[in-house]
Amino acid sequence: MSTALNDKTTGYEPLIVAFCCNWCSYAGGDLAGTSRMSYPANVRVIRVPCCGRMNPMFVLRAFQRGADGVLVAGCHPGDCHYSTGNYHGRRRLSAFKRLVEFAGFEPERFEVRWISSSEGDKFAEEMEQMTAKIKALGPNRKMRDARWQSVT
Amino acid sequence: MPRTGVFICHCGTNIAGTVDIEKAVEASRNFPGVVHAADYRYLCSEMGQDLIKKAIVDNQLDRVVVGTCSPRMHEGTFRKAAAEAGLNPYLLEVANIREHCSWVHKDIEEATPKAISLLRAAAAKAVLNESLDAPELEVEKRALVIGGGIAGIQAAIDIAEAGYEVDVVEREPSIGGRMAQLEKTFPTLDCSACILTPKMVEAAQHPNVNLITYSEVEEVKGFVGQFDVKIRQKARSVDPVKCTGCGICYEKCPSKASSEFEMGLSKRKAIYIPFPQAVPNVPVIDRDACLYFTKGRCQICEKECPPQAIVYDQEDEIFERRYGTIIVATGFDQMNPSQYGEYGYGQHPDILTGLEFERLFNASGPTGGKVVRLSDGKPPEKVVFIQCVGSRDKARGMNYCSKICCMYTAKQAILLKEKVPDAKSYVFYIDVRTAGKGYEEFQRRAAEEYDVAYLRGQVGKIFPDGDHLVVHGVDSLSGKIIEIKADMVVLAAASIARADSPELGRIVGINSDSYHFFNEAHPKLKPVETHTAGVFIAGACQAPKDIPDTVAQASAAAVKAVGLLSKEFLKGEACTAEVNQAECSGCLYCEAVCPYSAISPVEIEERYQGGTLKRTVAEVNPALCQGCGSCTVICRSGSINLKGFSNEQILAEVDAICLQR
Numbered sequence: 003m004s005t006a007l008n009d010k011t012t013g014y015e016p017l018i019v020a021f022c023c024n025w026c027s028y029a030g031g032d033l034a035g036t037s038r039m040s041y042p043a044n045v046r047v048i049r050v051p052c053c054g055r056m057n058p059m060f061v062l063r064a065f066q067r068g069a070d071g072v073l074v075a076g077c078h079p080g081d082c083h084y085s086t087g088n089y090h091g092r093r094r095l096s097a098f099k100r101l102v103e104f105a106g107f108e109p110e111r112f113e114v115r116w117i118s119s120s121e122g123d124k125f126a127e128e129m130e131q132m133t134a135k136i137k138a139l140g141p142n143r144k145m146r147d148a149r150w151q152s153v154t
Numbered sequence: 219m220p221r222t223g224v225f226i227c228h229c230g231t232n233i234a235g236t237v238d239i240e241k242a243v244e245a246s247r248n249f250p251g252v253v254h255a256a257d258y259r260y261l262c263s264e265m266g267q268d269l270i271k272k273a274i275v276d277n278q279l280d281r282v283v284v285g286t287c288s289p290r291m292h293e294g295t296f297r298k299a300a301a302e303a304g305l306n307p308y309l310l311e312v313a314n315i316r317e318h319c320s321w322v323h324k325d326i327e328e329a330t331p332k333a334i335s336l337l338r339a340a341a342a343k344a345v346l347n348e349s350l351d352a353p354e355l356e357v358e359k360r361a362l363v364i365g366g367g368i369a370g371i372q373a374a375i376d377i378a379e380a381g382y383e384v385d386v387v388e389r390e391p392s393i394g395g396r397m398a399q400l401e402k403t404f405p406t407l408d409c410s411a412c413i414l415t416p417k418m419v420e421a422a423q424h425p426n427v428n429l430i431t432y433s434e435v436e437e438v439k440g441f442v443g444q445f446d447v448k449i450r451q452k453a454r455s456v457d458p459v460k461c462t463g464c465g466i467c468y469e470k471c472p473s474k475a476s477s478e479f480e481m482g483l484s485k486r487k488a489i490y491i492p493f494p495q496a497v498p499n500v501p502v503i504d505r506d507a508c509l510y511f512t513k514g515r516c517q518i519c520e521k522e523c524p525p526q527a528i529v530y531d532q533e534d535e536i537f538e539r540r541y542g543t544i545i546v547a548t549g550f551d552q553m554n555p556s557q558y559g560e561y562g563y564g565q566h567p568d569i570l571t572g573l574e575f576e577r578l579f580n581a582s583g584p585t586g587g588k589v590v591r592l593s594d595g596k597p598p599e600k601v602v603f604i605q606c607v608g609s610r611d612k613a614r615g616m617n618y619c620s621k622i623c624c625m626y627t628a629k630q631a632i633l634l635k636e637k638v639p640d641a642k643s644y645v646f647y648i649d650v651r652t653a654g655k656g657y658e659e660f661q662r663r664a665a666e667e668y669d670v671a672y673l674r675g676q677v678g679k680i681f682p683d684g685d686h687l688v689v690h691g692v693d694s695l696s697g698k699i700i701e702i703k704a705d706m707v708v709l710a711a712a713s714i715a716r717a718d719s720p721e722l723g724r725i726v727g728i729n730s731d732s733y734h735f736f737n738e739a740h741p742k743l744k745p746v747e748t749h750t751a752g753v754f755i756a757g758a759c760q761a762p763k764d765i766p767d768t769v770a771q772a773s774a775a776a777v778k779a780v781g782l783l784s785k786e787f788l789k790g791e792a793c794t795a796e797v798n799q800a801e802c803s804g805c806l807y808c809e810a811v812c813p814y815s816a817i818s819p820v821e822i823e824e825r826y827q828g829g830t831l832k833r834t835v836a837e838v839n840p841a842l843c844q845g846c847g848s849c850t851v852i853c854r855s856g857s858i859n860l861k862g863f864s865n866e867q868i869l870a871e872v873d874a875i876c877l878q879r
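In order, the protein sequences belong to chains A and B.
Number 154 marks the last residue of the first sequence (this note's numbering); no jumps.
Number 879 marks the last residue of the second sequence (this note's numbering); no jumps.
In short, the hints are calculated from the structure, not lab data.
Predicted, not measured: the structure shown is a model, and the values here were computed from it.
Yeah, the Cβ is synthetic: ideal placement off N, Cα and C, and Gly gets one too.
Any given hint might turn out to be false.
Okay, the calculated beta carbon distance ranges per label pair [what the hints assert, rightly or not]:
hint : chain 1 : residue 1 : chain 2 : residue 2 : range
1    : A       : LEU101    : B       : ILE822    : 52 to 58 Å
2    : A       : ALA97     : B       : SER803    : 17 to 23 Å
3    : B       : ARG515    : A       : ARG93     : 38 to 44 Å
4    : B       : SER694    : A       : TYR14     : 50 to 56 Å
5    : B       : MET219    : A       : TYR14     : 33 to 39 Å
6    : A       : TYR14     : B       : GLU240    : 27 to 33 Å
7    : B       : GLU535    : A       : LEU101    : 19 to 25 Å
8    : A       : ALA97     : B       : PRO766    : 39 to 45 Å
9    : A       : ARG93     : B       : ARG724    : 25 to 31 Å
10   : A       : ASP123    : B       : SER818    : 39 to 45 Å
Dumping the calculated DSBU-like pairs for lysine-lysine here, alpha-carbon to alpha-carbon at most 35 Å [stated by the list, open to error]:
hint : chain 1 : residue 1 : chain 2 : residue 2
11   : B       : LYS452    : A       : LYS124
12   : B       : LYS324    : A       : LYS135
13   : B       : LYS612    : A       : LYS124
14   : A       : LYS144    : B       : LYS359
15   : B       : LYS359    : B       : LYS452
16   : B       : LYS324    : A       : LYS144
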């Protein structure tokens, strides 16, 4: 297990924003906690009702504000609490990922995953993998808005 | 600027153990809008709630942030507390610093800044929170029970007794389910039919219960209080009103097919009732086996039927009904153990599963109640029972315990000794698990009074040798290799979820665990609820379960259903979508993506260049909207927003979380 925020060797600790749907992935995250699993503290979860609620604008804003990776997690296709929300999310976000790549940004910084409420282990694993991947990629320099830094 | 109060819970040491609470409180004081910050050992306790309530009044707070466990756990508790202090409950936000922070991070140096960041995000969101009101929804005073086994029957009777109408949809021609297939029930050895049949009849005769057999649920639309359910009633080819249940049709029918009820061990007619006590006592024509349907001739049943109840051209009927609540009680299957090559199931008639063996004891079963070898009709002298076939088997991904096998094996060994006094039973087991009232005593009796030999160990191979089956196993307690020349082998095959349970789960809106059993909303505190409001589960569709547990769970689900039906109104979803009609261009893409048909076009009048202009825009029906937010993203003019999860609120959370960069 990595000791996320205290990586003495590189000094670099990425920030990952995870948007999780309330019904499956957020509950999967709860189960990871209840089962006392462990994953890097680099991940911060924002609760959304459904991945169909995910406006790509939210993802862009995270990158602009300096997030190094963004993960959207929803119910498995077919299992959406709102029956079709994750189908809209899947289509929209996969098109968006292509767009991110086309714009010259590392597409690996943005991922979409399906994690059910019973998959606490998968939740922890995905967070672990995402963190490792972003660590290897290094900080998000391209999309981060320097003006934001000066404000804060 | 709103006046926000931040309250941080220690949750004993659950949060305080890995989050520096003092630091978090201090940091919270500097968040924009925060005028008060406090912590408490257990915020969810009455004292904790009082602390929040008092602070709201004393500090004139109009926003509250609670840093505590998951909002899925206690959001309701804290919202209620806020409401009691005169605040709109939706002005409260929860920061999940337990499940998503203190429990998953071990290091206080890591968890503390993360907790502060999550609190900051919640505070930033809270500033933008608005007072919301949940709409009141009507409740259709009728329940639907899917599955007519003992769980479904019990739930239906309980609901009916409480004074509400209930429909039971059963896939098979008769209600009764798995329990109807059993001969006796542990640990009291009452005859299963003797205790089940009266319940079946009670359900059938109850004025509030409507049995819809030979039917399946095809579609569920709507939501709690108003589920619109499409039910397919399969063509029985028999008019249930005319049929008197005399049975002449299946007596005379010349065509046979394998009996599902007898686990394929015997034949039934093409026109049949699954078992003698079937409810309703109305036969069904199996069109795949019927000579008239396959070859166009015969029609004997039609000629012989005294009330002329046979209707060959009957068709499936699909009808839609509205229900306030749904209970799913679809039961389980027994795994087909043929994938376990070492046990030779399917290759020898004397190797049976537990459920098949059970049928041999039954007077109306394939052998007329004689326990004999199916190969030669002789009573067995030595019977080997093998436990955990497909259960507790990590190598094959079947990790769970099927729970009922230890007990029914003991039962079958006792029954065997009573039917065939010379018979000797051997049980190969991993562990004998007999938790339950009277269970341990029962299993002891099997071992001590009925001379059942319990051998701790596994069987590696079974092979036929002349008239016998040689069972090659190991007794791990003595370390000895054991070889038994058995006459019959009974495999306690795993209880598994119904093959089509994921499909039904999708239709009704219940998610499943990795073994396809339905998930309850909370493993301890919400054992019959699901994540879909108004949908409850009972019985072995949730996990392997014996009859007492199933019945208890069915009654629990019935109480939940009745509680819901007894309400005049239900509170609907407060976080619904809202259209800014001044900006809406009327493209109605939102109408197309809405899964609840909650959006419809509406004509509005606007002042335009001195005159008025009529224009079509979208309108959301808040009673139908469930707050998924799909419409907000599809909206090209950005004129739909979701209350409680608005664009501005989510962006504020993003900004707050990224502030550390």
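A quick look at each hint next to the structure:
Look at A/LEU101 against B/ILE822: about 35 Å separates their beta carbons, and that is not inside 52 to 58 Å. The hinted range of 17 to 23 Å is satisfied by A/ALA97 and B/SER803, whose Cβ atoms lie roughly 22 Å apart. For B/ARG515 and A/ARG93, the Cβ-Cβ distance of about 54 Å falls outside the hinted range of 38 to 44 Å, so the restraint is violated. As the Cβ distance of B/SER694 to A/TYR14 is approximately 53 Å, the hint placing it in 50 to 56 Å holds.
Distance hint for B/MET219 and A/TYR14: a CB-CB separation of about 36 Å, consistent with the stated range 33 to 39 Å. The beta-carbon spacing between A/TYR14 and B/GLU240, approximately 29 Å, falls within the hinted interval of 27 to 33 Å. A hinted range of 19 to 25 Å for the beta carbons of B/GLU535 and A/LEU101 is inconsistent with their spacing of about 49 Å. Between A/ALA97 and B/PRO766 the beta carbon distance is about 53 Å. The supplied range of 39 to 45 Å is therefore violated.
Separation of A/ARG93 from B/ARG724 is about 19 Å and departs from the stated range, judged on CB atoms against 25 to 31 Å. Checked against the given bound of 39 to 45 Å, the beta carbons of A/ASP123 and B/SER818, roughly 43 Å apart, stay inside it. For the hint pairing B/LYS452 with A/LYS124, the CA-to-CA distance comes to about 41 Å; that exceeds 35 Å, so the pair is violated. Taking the CA atoms of B/LYS324 and A/LYS135, the gap is near 22 Å; set against the 35 Å cutoff, the hint holds.
Of the pairs offered as hints, the one joining B/LYS612 and A/LYS124 holds, with about 18 Å between alpha carbons and a cut-off of 35 Å not exceeded. A threshold of 35 Å between alpha carbons decides the hint, and for A/LYS144 with B/LYS359 the separation of about 58 Å lies outside it, so the pair is violated. Using a Cα cut-off of 35 Å, the hinted pair B/LYS359 and B/LYS452 holds, with the two alpha carbons roughly 26 Å apart. For a cut-off of 35 Å, the pair hint linking B/LYS324 to A/LYS144 stands: about 33 Å separates their Cα positions.
Comparing the model with each earlier hint shows violations of hints 1, 3, 7, 8, 9, 11, 14; every other hint is respected.
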